Amino acid sequence: MLKRLRESKSAQGTLLAMPTMLWMLALLIIPLILTTIISFGKRSPDGDVIYTFTLDNYVRLLGYSTNCDAGQASCFDPLYLHILSRSLSLAFNTTVLVILLAYPLAYFIARANPKRRNTFLFMVLVPLWTNFVIRVYAWMMLLRKEGVINLGLGWLAGLVGLDFQPLEMLYTPGAVLVGMVYEFLPFMILPIFTSLEKIENSLYEAAADLGANPIKTFLRVTLPLSMPGVVAGTILVFIPVMGTFIVSDILGGRQVILVGNLIQRQFLDARDPTFGSAASLILMIMTLIVTYFYTRKFGFGEEIVAA
Amino acid sequence: MNPHRRSPFVIVATILVYIFLYAPILVLMVFSFNASRANVKFEGIIPAFSERVSMDGSLVQSSPCGPFHWFCELARNRDVKEAAGNTLLIAVISTLTSTVIGTMAALALQRYNFRLKAFSQVSLYIPIVIPEIVMGIGILVLFSQLFGVLNNALSLTGDSRLALGLGTVIVSHIAFSVPFVTLVVQARLQGFDKSFEEAAMDLGADEWTTFRRVTFPMILPGVLSGGLLAFTLSLDDFVITFFTNGPGSTTLPIYVYGLLRRIITPQVNALSTVWILIVLSAVFLLQRLQSREA
Numbered sequence: 001m002l003k004r005l006r007e008s009k010s011a012q013g014t015l016l017a018m019p020t021m022l023w024m025l026a027l028l029i030i031p032l033i034l035t036t037i038i039s040f041g042k043r044s045p046d047g048d049v050i051y052t053f054t055l056d057n058y059v060r061l062l063g064y065s066t067n068c069d070a071g072q073a074s075c076f077d078p079l080y081l082h083i084l085s086r087s088l089s090l091a092f093n094t095t096v097l098v099i100l101l102a103y104p105l106a107y108f109i110a111r112a113n114p115k116r117r118n119t120f121l122f123m124v125l126v127p128l129w130t131n132f133v134i135r136v137y138a139w140m141m142l143l144r145k146e147g148v149i150n151l152g153l154g155w156l157a158g159l160v161g162l163d164f165q166p167l168e169m170l171y172t173p174g175a176v177l178v179g180m181v182y183e184f185l186p187f188m189i190l191p192i193f194t195s196l197e198k199i200e201n202s203l204y205e206a207a208a209d210l211g212a213n214p215i216k217t218f219l220r221v222t223l224p225l226s227m228p229g230v231v232a233g234t235i236l237v238f239i240p241v242m243g244t245f246i247v248s249d250i251l252g253g254r255q256v257i258l259v260g261n262l263i264q265r266q267f268l269d270a271r272d273p274t275f276g277s278a279a280s281l282i283l284m285i286m287t288l289i290v291t292y293f294y295t296r297k298f299g300f301g302e303e304i305v306a307a
Numbered sequence: 001m002n003p004h005r006r007s008p009f010v011i012v013a014t015i016l017v018y019i020f021l022y023a024p025i026l027v028l029m030v031f032s033f034n035a036s037r038a039n040v041k042f043e044g045i046i047p048a049f050s051e052r053v054s055m056d057g058s059l060v061q062s063s064p065c066g067p068f069h070w071f072c073e074l075a076r077n078r079d080v081k082e083a084a085g086n087t088l089l090i091a092v093i094s095t096l097t098s099t100v101i102g103t104m105a106a107l108a109l110q111r112y113n114f115r116l117k118a119f120s121q122v123s124l125y126i127p128i129v130i131p132e133i134v135m136g137i138g139i140l141v142l143f144s145q146l147f148g149v150l151n152n153a154l155s156l157t158g159d160s161r162l163a164l165g166l167g168t169v170i171v172s173h174i175a176f177s178v179p180f181v182t183l184v185v186q187a188r189l190q191g192f193d194k195s196f197e198e199a200a201m202d203l204g205a206d207e208w209t210t211f212r213r214v215t216f217p218m219i220l221p222g223v224l225s226g227g228l229l230a231f232t233l234s235l236d237d238f239v240i241t242f243f244t245n246g247p248g249s250t251t252l253p254i255y256v257y258g259l260l261r262r263i264i265t266p267q268v269n270a271l272s273t274v275w276i277l278i279v280l281s282a283v284f285l286l287q288r289l290q291s292r293e294a
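So the protein sequences, as listed, match chains F and H.
Under my numbering, the first residue of the first sequence is numbered 1, with each subsequent residue one higher.
Under my numbering, the first residue of the second sequence is numbered 1, with each subsequent residue one higher.
What the hints contain is simulated information worked out from the structure, not anything from laboratory work.
Predicted model only: the values in this text are computed from it and were never measured.
A virtual CB, placed ideally from N, CA and C, is assigned to each residue, including glycine.
Careful, some of the hints might be misleading.
[Said to hold, decoys possible] Below 20 Å or equal to it, Euclidean Cα-Cα: the simulated SDA-like pairs (lysine to any residue) are:
no., chain 1, residue 1, chain 2, residue 2
1, F, 145, F, 121
2, F, 9, H, 117
3, F, 145, H, 27
4, F, 9, H, 201
5, F, 198, F, 99
[Stated by the list, open to error] Short derived list, chain F residues pointing at chain H, Cβ under 7 Å:
no., residue
6, 19
7, 47
8, 130
9, 131
10, 164
11, 166
12, 292
[Stated by the list, open to error] A short list of chain F residues far from chain H (calculated; beta carbon distances all over 12 Å):
no., residue
13, 52
14, 109
15, 245
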């Protein structure tokens with residue numbers, strides 16, 4: 001048998017890839033299949049799964065439930081649809097803001113002195129290496145009523161003689177947006193930097209020689225050539241934002257519920273794995289659809305950088 | 001001369017973004033010296049050293065460690081030590097495993113044709129393009145159903161019951177690390193110059209020796225990169241660990257999250273500060289090592 005192994009390249013390949021394949025099969029493919037199966041099941045009284053086939057969970061997600069008051073047979077409650085659309089719009093807004101903030105910084109580093117470039121890059125990576133949870137906590141401290149931002153604003157108002165009521169910044173959708181932008185900003189800076197860096201100086205010189213002003217050069221040279229980076233960054237930001245629950249949990253309190261929170265609560269508090277699985281599946285499908293259409297239009301952005 | 005380079009807009013925007021990136025972290029670190037236990041307002045640094053901790057309401061007035069009081073509290077916190085130990089153990093085991101099998105898979109995908117090759121490649125991309133929570137839920141569901149069935153079938157009770165714990169966390173960490181390791185090593189293999197291997201074979205080396213003495217040393221930087229990535233991902237992971245951990249397998253991120261939902265004293269800040277400093281020093285060390293090799 002060993003001889004057959006030595007002779008067959010295909011067998012060698014299979015052997016090499018086998019451990020990984022088994023791992024992915026057991027911990028990715030099978031779980032996803034199981035999630036799908038369970039999403040069509042029913043919740044048992046003690047929070048377990050009754051394996052059956054019913055569309056109840058999906059119907060419920062769409063808003064039609066049979067659990068209505070006033071004796072109606074069925075009613076429409078768009079609660080879950082709201083959660084889904086809120087998550088989509090948050091992901092979209094976060095991505096846009098992140099692009100706006102990341103681009104100038106990436107541009108600055110890309111056109112900086114090569115000797116200093118590494119330092120600037122390093123400074124972008126340091127917050128990234130700080131743990132996610134810690135970074136969210138940092139914003140919690142900043143945004144509280146007695147937090148640093150309110151203190152600063154109060155001091156400023158005092159200077160001008162204005163009466164100042166501390167702003168309620170924590171536990172609002174705005175806080176969640178700021179938190180998300182903060183968490184994912186470095187993920188956009190790096191890919192954009194990578195593609196900007198690849199633009200040779202000679203292109204800028206050529207543009208200048210041909211008489212283009214800075215804005216025109218930017219629109220017709222820089223921006224198009226940096227698109228792969230923007231695309232890669234968008235994928236790196238949009239998808240995680242759709243699924244993150246910790247930012248909305250800590251900075252949004254009970255006020256801001258996203259898909260991630262919904263799923264988390266179904267599994268932990270409500271103990272309804274069937275409904276949670278359905279929500280999880282919808283989330284995955286939505287993410288795949290958005291990614292598919294996006295990459296079809298804009299390409300894959302092969303500069304996905306491993307930090 | 002490029003007119004953009006000195007564009008004031010870019011420079012101002014850059015400065016503002018850097019401030020935005022660092023201000024929260026700096027505030028966080030400063031508050032680890034907060035005299036107020038309630039940690040809501042900054043009430044100044046703990047002024048005095050003394051034998052025992054003395055408090056006035058929620059203000060720490062003096063302490064054996066002076067301003068570093070919360071760091072000392074941290075050092076005595078057994079839960080933190082356990083969480084840190086778990087985190088490290090999980091990271092080391094999952095990194096070693098995922099690096100080995102990921103490198104093997106990368107070699108297989110780049111250099112061999114075998115059945116299920118397309119399936120392997122695609123299934124390695126999936127964890128990267130779906131939200132982490134979907135994978136976390138899937139694994140939770142798998143383990144809970146599997147353990148339920150096994151516990152019943154084998155009539156396991158009490159301590160011998162299969163449950164979520166270190167094992168499930170480690171196995172899950174390997175699952176999300178492998179795709180990244182494979183990707184990094186594959187990228188390294190793509191630009192690979194085969195002429196070295198061919199030369200070695202021409203000189204009479206067999207396949208294994210060629211691999212051992214030519215191929216592997218050349219892909220080693222990629223393998224190490226992948227391993228480092230896997231290590232970082234594991235240390236920092238929150239979502240997947242959240243759904244697969246059990247009693248006794250708490251990791252640092254989970255622990256901090258738990259604290260955030262309960263009592264927030266400056267000890268959390270002290271923990272954050274220490275963690276940040278450790279990561280920074282590790283990075284510095286790595287940079288120095290790398291530049292010495294280059």
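A quick look at each hint next to the structure:
no.	hint	result
1	F:145 / F:121	violated, 34 Å
2	F:9 / H:117	holds, 13 Å
3	F:145 / H:27	holds, 15 Å
4	F:9 / H:201	holds, 17 Å
5	F:198 / F:99	holds, 19 Å
6	19	holds, 4 Å
7	47	violated, 10 Å
8	130	holds, 5 Å
9	131	holds, 5 Å
10	164	violated, 16 Å
11	166	violated, 12 Å
12	292	violated, 10 Å
13	52	holds, 15 Å
14	109	violated, 8 Å
15	245	violated, 7 Å
Violated hints, in rising order: 1, 7, 10, 11, 12, 14 and 15; the structure is consistent with all others.
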